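Undergrad: I would like the entire structure built from these sequences, with the hints used as guidance.
Listed in order, the protein sequences are those of chains B, Z, Y and C.
With the numbering used here, the residue at position 391 of the first sequence is 391, and numbering never jumps.
One rule links them: number in the numbering used here = place in the second sequence (from 1) + 10000.
One rule links them: number in the numbering used here = place in the third sequence (from 1) + 20000.
One rule links them: number in the numbering used here = place in the fourth sequence (from 1) + 30000.
Heads up, some of the hints might be wrong.
Unchecked claim - Using C-beta positions, here's what the derived DEER-type ranges look like:
{"#": "1", "chain 1": "Z", "residue 1": "Val10649", "chain 2": "C", "residue 2": "Asp30028", "range": "41 to 47 angstroms"}
{"#": "2", "chain 1": "C", "residue 1": "Asn30023", "chain 2": "Z", "residue 2": "Gly10997", "range": "46 to 52 angstroms"}
{"#": "3", "chain 1": "Z", "residue 1": "Gly10724", "chain 2": "B", "residue 2": "Pro159", "range": "58 to 64 angstroms"}
{"#": "4", "chain 1": "B", "residue 1": "Asp20", "chain 2": "C", "residue 2": "Asn30052", "range": "55 to 61 angstroms"}
{"#": "5", "chain 1": "Y", "residue 1": "Pro20143", "chain 2": "Z", "residue 2": "Asp10240", "range": "15 to 21 angstroms"}
{"#": "6", "chain 1": "Z", "residue 1": "Arg10019", "chain 2": "B", "residue 2": "Pro159", "range": "32 to 38 angstroms"}
To be verified - Straight-line Cα separation of at most 20 angstroms, DMTMM-like style, residue types lysine to aspartate or glutamate; simulated pairs:
{"#": "7", "chain 1": "Z", "residue 1": "Lys10739", "chain 2": "B", "residue 2": "Asp299"}
{"#": "8", "chain 1": "Y", "residue 1": "Lys20181", "chain 2": "Z", "residue 2": "Glu10614"}
{"#": "9", "chain 1": "B", "residue 1": "Lys99", "chain 2": "B", "residue 2": "Asp165"}
{"#": "10", "chain 1": "B", "residue 1": "Lys270", "chain 2": "Z", "residue 2": "Asp10023"}
{"#": "11", "chain 1": "Z", "residue 1": "Lys10274", "chain 2": "Y", "residue 2": "Glu20193"}
{"#": "12", "chain 1": "Z", "residue 1": "Lys10701", "chain 2": "Z", "residue 2": "Asp10790"}
Stated by the list, open to error - Quick partial rundown of chain Y residues pointing at chain Z, CB under 8 angstroms, derived from the structure:
{"#": "13", "residue": "His20013"}
{"#": "14", "residue": "Arg20054"}
{"#": "15", "residue": "Gly20058"}
{"#": "16", "residue": "Ala20117"}
{"#": "17", "residue": "Arg20119"}
{"#": "18", "residue": "Val20155"}
{"#": "19", "residue": "Phe20172"}
{"#": "20", "residue": "Ala20182"}
{"#": "21", "residue": "Ala20186"}
Honestly, the hints are just simulated from the structure, not real lab data.
In this text the structure is predicted, and so the values were computed from the model without any measurement.
For every residue, glycine included, the Cβ atom is placed at its ideal position computed from N, Cα and C.
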Amino acid sequence: MMAEYSAFSLLANALKGNKDWKPAWRKPDPKASYDVIIIGGGGHGLATAYYLAKEHGITNVAVLEKGWLGSGNVGRNTTAVRSNYLLPANTRFYEHSMKMWENLSHELNYNVMFSQRGCLNLAHTPAQFDDYARRGNAMRHLGVDAELMTPAQIKRLIPALDISDSARFPVVGGLMQRRAGTARHDAVAWGYARGADRRGVDIIENCEVTGFLRDGDRVTGVTTSRGDIRARKVAVAVAGSTGRVMQLAGVETMPIESHVLQAFVTESLKPFIDTVVTFGMGHFYMSQSDKGGLIYGGDIDGYNSYAQRGNLPIVDEVMSEMLALFPGLARVRMLRSWGGVCDMSMDGSPIITTGPLPGMYLNCGWCYGGFKATPASGWCFAWTIAKDQPHDFNAPFTLDRFHRGLVIDDKGQGANPRLH
Amino acid sequence: MSPRRTDTGGRIDRLKTIRFTFDGAAYTGHAGDTLASALLAKGVTLYGRSFKYHRPRGLLTAGVEEPNALVTVLKGEVREPNIPATMVEIHDGLVAISQNRFPSLAWDINAVNQLGGKILSAGFYYKTFMGPVIGPLKGTRFWMFCEHFIRRAAGLGSAGSAKDPARYERMNAFCDVLVVGSGPAGLMAAKAAADQGARVMLADLEPRFGGSANWSGETIDGAPAADWARRTVAQLEARDNVRLLPRTTVWGYYDNNTLAALERVSDHKEQPGKGEPRHRYWAIRARSVVLATGAFERPLVFPGNDRPGVMLAHAAERYANEFGVLPGERIALFTNNDSAYRTAVALKKAGASVVAIVDVRPEPSAEMRKLAAEAEAEIFAGHAVIATEGGKALSGLKLQRFDMANGSLTGDARSIHADCLLMSGGWSPTIHLASQAGAKAEWNAARQAFLPPKPTQQWPTQHWIGAGAFTGSFSTTEAIAEGRAAGLAAAGGTSTPAALPTVEAVPGDPDPAPVFEIRAKGKSFVDFQHDVTAEDVRLAHREGFVSVEHLKRYTTLGMATDQGKSSNVPGLAIMAEALGKPIPEVGTTRFRPPFAPVSIGSLAAERFGDLKPERLTPMHDWHLANGATMYSAGLWYRPMIYGHAGETVEQAYVREAKATRDSAGIVDVSTLGKIAVQGPDAAAFLDRVYTNMFSTLAVGKARYGLMLREDGLAFDDGTTWRLGEQDFLMTTTTANAGKVMQHLEYFLDVIWPELKVHVTSVTDEWAGAAIGGPKARQILAACVTGTSVDNATLPFMGIVRGEISGVPVMICRLSFSGEMAFEVYSGAGHGTHVWEALIEAGKPFGLITYGLEALGTMRIEKGHVTGAEIDGRTTARDLHLDWMLSKKKPFIGSAMMDREGLIASDRLELVGLIALDNRPLNGGAHIVEQLDEANPHGSIGHITACCYSPALGKHIALALVKGGKARHGTRANVSDPLRNRFGPVEIVSNHFFDPDGSRMHG
Amino acid sequence: MVERQSPLEPEFHIGSHGNFEHGVEIILTETGPGSIVQLAAWPGEEKKLIAAIRTVTGLALPDGAGGGLSDGMKSVFGFAPGKFTVADEAEGLAGAFAKAVTPAIGTVTDLSHGRTAIRIAGPKAEWVLAKFFAIDFALPAFPVGAGRSTAHHDVFAQIQRTGSDQFDIYVFRSFARSFWKALCHASEEVGYEVQ
Amino acid sequence: MLITCPYCGPRDVVEFTYQGDGNRERPDPASQNFEAWNAYVYDRLNPAGDHNEIWQHSGGCRAHLRVVRNTLTHEILSVAFIRGAHTSTARRKAEDKS
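TA: Set out below in structure tokens:
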């Protein structure tokens, strides 16, 4: 058994020249069969494995990861955690996640550096301010924290922000969720991996699923680059790769498009901004990491892609919006950019469900909001897998909601994934 | 002794003295100096502090890959942090300061972090700071308390908040051949391509073209290489098919040979020229690309390798040959390859004494021994440096016998006195752009380097050819041959002109010994800026973070501002050794844009300070001149109110709305989307697009229409006018004009290509003025000629053409305000003329101008819907517009609008609200059955729009409420905890005012 | 005749501006044609429409996408499949075309007020335009007479090359002032004169 | 990314609007086959590889294009007008990609 992490263990190990640290998770070979196979060693898959073991006592579980653990969106996002949604189904689910975040470092004995530094949505017209008020009030009526801020309050919080009337889109106010914040993205994957591993879950990297084993309709396992593996239940949590994996199972079409989302980080700076802030007259969000880099992004590129690379128009757009808010950053430099593949759903909300085939369970449709959902997604998916029915929190997130007209469309954009 | 300026040599102009300051102290340098070379010439050895341990650091390099010497450049209030001193060209008045130190660079309090070295190992954050599980610091509090201090200690330079007055621009360029890098390979490629008549662009991140020719000391075609380069550049400059871009970093390689480059146009000037940008962002679409980006020298990893005075070998050669600066007087070299021997000779020639060449290889070649003799340097073959000595400057080093077969150190340590130690750990080709373009690098065991794949290889969306050191061909002779071949091929040429330039160079084996690290006691740095040591890499290995991405993320190796340009391969090598695997099995890093950091200003370019264009109606200037307060609606500006002195917004709109209902008001409606729908199938098309029928509409009449989306939800509404049998003028809401246009185009192009219909945006063709109120008709009658406007000629929803003040107009009688109202359309260029004529005509009748607020008030009183209600989640039924859903024909959305979720009984429906406490309501407030101010819950809906209604004398609102219609006549409460507004309301029909429309029908 | 108001008015400053110490390299002006119409043919009817254009304007359109020409008074160019923009210094083009372009051929849309025509001329015209539009302005790629549809962020533009270093840019009237200001700003570097 | 519009020639992706999966078939307007309508409105092919897509050259000639594009590499294999009848307006020759 691996040692607990603590200040004491750090000191004790340091005195021994850090020679005694053990791997954070084992690197086992796959067994011939498991109770549950989870395809996808990202945040959601690992969290699902962790909660299957911890909450449901199901430990004969394998997490299969095509590349290295956490190589997908859990390591490619802008790390914001919030539950400031408009529609009740989303608010309830993300608030459940938020509550789990608040205790996650203890839960995992791994510091995921969740820092509740707040998330501020800037409003630029009175109509938009009313819209934000509607959302904030919706949150408050579900017991979630939200408050409105005046431009003067905002200026005190973020001195570098241009709130002048001469701005092309002046700031008229903002919606603040103080309990929102940021976390260290990789640590979430590593912490769940270590936690699941400690409970007996096999985490198998460099193991690509190449097909599904079937008994009639029923899914009975998977074929992989490391051999066939059977399981009573096969769960899919592959985010941007959902289309690819479901195609292997013979499901050709889904209410999902995979799009590329770029994100950016500047060179490291002394403290510049303390909260997550979003721009209301476009699509831009930014926070500052503990290392000092400004982490920011905007819209998806807007076309199907699995390439994990984007193109220049979004780069230009994001930087332009950034300077509209923070004109002092013109001489700061963008250090790194990257692309993640987002599973954009038809209403902007996720899918956590049994099916669509017998023996299969599906978790997808995270658009570009999956990181903050990680704890609740894993928790609800584990519940759904263990009990063969959804928890109340994920009951609305079915696959058939589109056909039935029960969409959960926070942005009101309809079946147009690039606009969610 | 210390670094100093030599008497001769280099590109600098010793006759031009330049004055600048660094950390407040005045310095002088010469034209052609970088900040690094100028300070080095003055004996400065300390340039920065490392990120984590705040260790003192000197210059490691002379170029873009510099990890240590980062400075902030100040222009008044405007700050430019984290710039490598090696990339700052000095100019008079330059002000630079060091960063990440307190109180000063020499004495930095946070250097105390070094004492915690073993505890602050890689990944230590993840293992601690979690805090207690119970008590006041549970949850996230303890971490956030610690984080507060961590954040303040972290970070490099500071960003400012003052707006940068500089100008940034974008340039779109097209060329046949883009050559990246202007060393001998790049120059030859550019010349060869240009000779073929191709449109050529040549970019180099340095101010001077020539690359290694500027400092190699070699001879090309009998002339010093630097002169050859200058001559070649002059030839290129003279051609009009060549664009030269010095100071231009090509930083991004995107799809289909789109490359992004940053030109530093005026950073090196005291003042930019009038209208001259500071940075220009080149978006280059190149038919083909020649990558001649050279190679980066690698440091060796050994204890004390970060002490100021330890530098890369070629950097010293550059300082000596290019800038006329000696980095030390007594110089030692430590190498695993031949290239350092040339450096030894160069430094000797420049006037330094070379005290030792420490070579890990047991038997340097005879040629190298000859070079060492020329440099009068003693060779310590089969030795390694195991320590360095000194404080903030180097004083000496220790070496020991080294067996490169097993890495063992034997024998007694020996000390050598030196003030500068140069290291060379081999060379890594600069493959970043190729990697961005999707090329997978291949490990070459001989070169001990990742090389780009074969230059002939084609990529699906990128077409590049490599040349020179980029391909692993490190000699100038090879670079010249490959450069010319690449240039020819890129331009599609095949001819082979006469002789290639001849090169005289010192000999050297391009293959280094496979030695990356000397394992001895002490901190050996791999990533200098982030303080990642060889032990950190091994710790990552022990904890299972062994894939290259895990290594990077766990230790932060290669994540600093230099992005691992020098540390990447040594880090991989150490991990490979720990794993007992060859280097390529650890993985290769996929490089992503940018190659080097890019100013955000340049990326925003012309939109910095001007994010979006302003869209103005024809009467915009009139509104401003007549006291309007403007409201930004999308890109448009519209009058919100025409306030009188001392009036509040509410007083103004109440006055305007009241006056309109009492006599008449006029409002600018030019922003409404207008689309010409023309063609023989126009009517049939509109029947499919709208839920209601348009083919039955008579010419000269208008009809209100509703559109759904394919999924059956409401999309947009507006009136459409039939101007002719095959000619319709559709109006849309201001916000949705573009979306509706695209919607129509999609259906015509993709779904119904058989329909003969053209749609054209004519929003800007027409100025629109809506004039309404009991006296509106009289006002029109007073100014319209050529037609009557009486009820017979111009009935409700009728259209007439006439003239106002000599200008043709089109008038449609329709109403949004609920009053007898008319929309008067004229050519946009005549908009103000007609507007003024109407106002003149209205004077005797008490006509007032009104803005969006009064417009909104009157529409709320009437219960009309807008974007606040058609919010993408509501159906026609929700909005009580189901009377418009034709049952006689299918239309877009008709098949999907009756799904179970869209007809459920608990949907939000449009209602009216009246505040029973007579206090103002707020947009976005929620509605509850039972008030609970302390613990709000049980929302049944929300307010979409609200106002004080002058017509009703009450505070009213429109709202979407669950099962709304069934609640008419019942009571509920507004619950607005955000603004602490709670109170009773009555739920009523959304048609508050004149529900039977007697006023507008008149 | 009531004169039309220019949307550029408050920002239209006649004279030399920017860095013109070394000479003016850009001339900016508003051409203000009396008529601008858009003609669109039904599929298969393009040749008849081209013939109608010749009948009304006397201009013989070359074949090919984006082809066009100008005689100094009248200009015509293709900007989309089967679609053409025609401008004339005189008013009344829409009326003339309404007779020549029968419903069987296509449609005529009068945009005389809706589009603003801005002319940029001079040795640096390509340079300045390249700051806005991601199209190749080099003469071989964009011959004299030819037209292009493109956009600078939110501003749609149809551009016709009316000389080796002269371009006429048709933008939506509501965006014209913003675009004009941006064009002047971008021309400062090389010096410009407003005529 | 450059898309070679058959009318306008190669243009930057910034001028185009993505309109999604080009394999979807709209049922007959009067059809009451809900499965077919649902599939048309909500279900998409999402291949990792060649994809048949619809794009609009919204910042240019505004024509809708059928584009076959590889979603792994962004390579564009073909572009054609979706409404293919404009024969008399000669197509601009596609840029030679070699």
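Undergrad: Are the hints correct? Go through all of them and say.
TA: Here's how the hints hold up against the structure:
{"no.": "1", "hint": "Val10649(Z) <-> Asp30028(C): 41 to 47 angstroms", "verdict": "52 angstroms, violated"}
{"no.": "2", "hint": "Asn30023(C) <-> Gly10997(Z): 46 to 52 angstroms", "verdict": "48 angstroms, holds"}
{"no.": "3", "hint": "Gly10724(Z) <-> Pro159(B): 58 to 64 angstroms", "verdict": "60 angstroms, holds"}
{"no.": "4", "hint": "Asp20(B) <-> Asn30052(C): 55 to 61 angstroms", "verdict": "57 angstroms, holds"}
{"no.": "5", "hint": "Pro20143(Y) <-> Asp10240(Z): 15 to 21 angstroms", "verdict": "18 angstroms, holds"}
{"no.": "6", "hint": "Arg10019(Z) <-> Pro159(B): 32 to 38 angstroms", "verdict": "34 angstroms, holds"}
{"no.": "7", "hint": "Lys10739(Z) <-> Asp299(B)", "verdict": "18 angstroms, holds"}
{"no.": "8", "hint": "Lys20181(Y) <-> Glu10614(Z)", "verdict": "11 angstroms, holds"}
{"no.": "9", "hint": "Lys99(B) <-> Asp165(B)", "verdict": "38 angstroms, violated"}
{"no.": "10", "hint": "Lys270(B) <-> Asp10023(Z)", "verdict": "18 angstroms, holds"}
{"no.": "11", "hint": "Lys10274(Z) <-> Glu20193(Y)", "verdict": "15 angstroms, holds"}
{"no.": "12", "hint": "Lys10701(Z) <-> Asp10790(Z)", "verdict": "15 angstroms, holds"}
{"no.": "13", "hint": "His20013", "verdict": "15 angstroms, violated"}
{"no.": "14", "hint": "Arg20054", "verdict": "21 angstroms, violated"}
{"no.": "15", "hint": "Gly20058", "verdict": "25 angstroms, violated"}
{"no.": "16", "hint": "Ala20117", "verdict": "12 angstroms, violated"}
{"no.": "17", "hint": "Arg20119", "verdict": "18 angstroms, violated"}
{"no.": "18", "hint": "Val20155", "verdict": "6 angstroms, holds"}
{"no.": "19", "hint": "Phe20172", "verdict": "5 angstroms, holds"}
{"no.": "20", "hint": "Ala20182", "verdict": "7 angstroms, holds"}
{"no.": "21", "hint": "Ala20186", "verdict": "7 angstroms, holds"}
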